[in-house]
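Colleague: Below are the chains, spelled out letter by letter.
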Amino acid sequence: MATIKIPPVLRPAVGGEREISADGDNVGEILRSVVEDHPSTQAQLFGADGDLNRYVNVYLNDEDVRVLDGLETTVGAGDTLVILPAMAGGAR
Amino acid sequence: MASSELRNKPCGGRYGDIIEAIGHTPLIELKRLSPKPGVRLWVKLESRNPTGSVKDRVARSLILDAEDKGLIRPGQTILEPTSGNTGISLAMICARKGYRLKVVMPDNVTPERTDLLRMYGAEIVYSEGSKGSNGAVELALDMAAKDANYYMPYQYGNEANPNAHYNGTALEILEELDEVSAFVAGLGTGGTLMGNGRRLKEELGDKVKIVAAEPMQGEPVQGLRSLDDGFIPPIIDISLLDRKIFVTNEDAIIWTRKLLDEEQLFVGVSTGAIARVAVRIANELDEGNVVFIAADDGSKYFSSGIYTRPIEEIENLDSTVWW
Chain G
1 MATIKIPPVL RPAVGGEREI SADGDNVGEI LRSVVEDHPS TQAQLFGADG DLNRYVNVYL
61 NDEDVRVLDG LETTVGAGDT LVILPAMAGG AR
Chain D
1 MASSELRNKP CGGRYGDIIE AIGHTPLIEL KRLSPKPGVR LWVKLESRNP TGSVKDRVAR
61 SLILDAEDKG LIRPGQTILE PTSGNTGISL AMICARKGYR LKVVMPDNVT PERTDLLRMY
121 GAEIVYSEGS KGSNGAVELA LDMAAKDANY YMPYQYGNEA NPNAHYNGTA LEILEELDEV
181 SAFVAGLGTG GTLMGNGRRL KEELGDKVKI VAAEPMQGEP VQGLRSLDDG FIPPIIDISL
241 LDRKIFVTNE DAIIWTRKLL DEEQLFVGVS TGAIARVAVR IANELDEGNV VFIAADDGSK
301 YFSSGIYTRP IEEIENLDST VWW
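Protein sequence lines, in the order shown, are assigned to chains G and D.
If you count by our numbering, then the first sequence holds residues 1 to 92, one letter each, in order.
If you count by our numbering, then the second sequence holds residues 1 to 323, one letter each, in order.
These are calculated hints, taken from the structure and not from any lab test.
Bear in mind the structure is a predicted one, so any value in this text is a computation, not a measurement.
Do not rely on the hints blindly, as some may be mistaken.
As the list claims (entries may be wrong) - To give an idea of the interface, some chain D residues facing chain G are shown, with a C-beta separation under 10 angstroms as derived from the structure:
id	residue
1	Ala212
2	Ser239
3	Ile245
4	Thr248
Ideal Cβ positions, reconstructed from N, Cα and C, are used throughout, including at glycine.
Okay, chain G solo, but in the shape it has when bound (with noise of 0.2 angstroms):
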């Protein structure tokens, strides 16, 4: 079982929750589990094609999974999805 630490913007759809738990193999298992378990976080965490909405990173653990393999991302017992809104960091 993952740990999915959850945005403020998120944790409406949650329940309140800062943290959740939720059981997968990858990244997309895990995310379409807490989507069973929420069904509102649906149309935030993913888009109509089914794939990750643009703006929502995900990261395993400090590293975003787009870059690694996407939904088919493997993840541990003992690691963490961090979900983040995408923003506009570092805009010096």
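Starting from the known structure of chain G, arrange chain D on it as the hints suggest.
Modeller: Okay, now just chain D, sitting in the frame of chain G:
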């Protein structure tokens, strides 16, 4: 490159004016931070630009590009969202070239940035700090849409931004090193990573890994109403990145201090974050050169106490836009 080839050029070069003197920054080996004998860690010290940051390169490229395309004329007002360094660089260049400058900046950046902007004669419009840099971008886009007299270079969407690195920073690195195993820089507008990444991949092929270090935005600056308020700079092509790793504000500051204590480098907070990622990548290699970018020095962060106070005493750690 053997260390005997390390050399100091007689001086930084001779230039017709301060704008021409942008770039040509030193590449410095960090032997104490390098985790393995076969892996050499290098920092490109962009704080040695005239206003003290890598953004001098970008600002010059944005303004020269607009001049070349006939988009601006002396006396015109240039408008740009920035959390500091780009504004300061644009302010210096605009003052020199006779343009007025208005910058849109979150109201929670460090006060030194405000002073530097005013010093060069820029006008500041503050955006809501809780919206982070997204808020500055949103407000500037709105202002530009309502007033056609503004020219907005828009560093987030202007290819002149990455081109400053494609035609500058990357060539300077290639002039000094025959081989680069990894290039690490901060992900903000994406300009540094895209411009250097594209040139280094073209010249060295896929063996050079392009690695992004990005700030993990503290919760107080994630003031979005929905995820669809998110923002991805249009110049970013994520397929060019081999790795993308976030760094918390706390780790960024710890590593900023480590650079000071172990390598005597006085750099800004983003460089701490980038160094942390660069050392991690260096650890994963058996040999090769790892190059990272020090975007600015620490002078704009003095008032925060990050160089002098224990980390637990630093105020507003998560609500400050550090980089």
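Colleague: Would you mind marking each hint as holding or not holding in the structure?
Modeller: Going down the list of hints, with the structure as the test:
| no. | hint | in the structure |
| --- | --- | --- |
| 1 | Ala212 | 8 angstroms, holds |
| 2 | Ser239 | 8 angstroms, holds |
| 3 | Ile245 | 5 angstroms, holds |
| 4 | Thr248 | 9 angstroms, holds |
When held up to the earlier numbered hints, the structure conflicts with none and fits them all.
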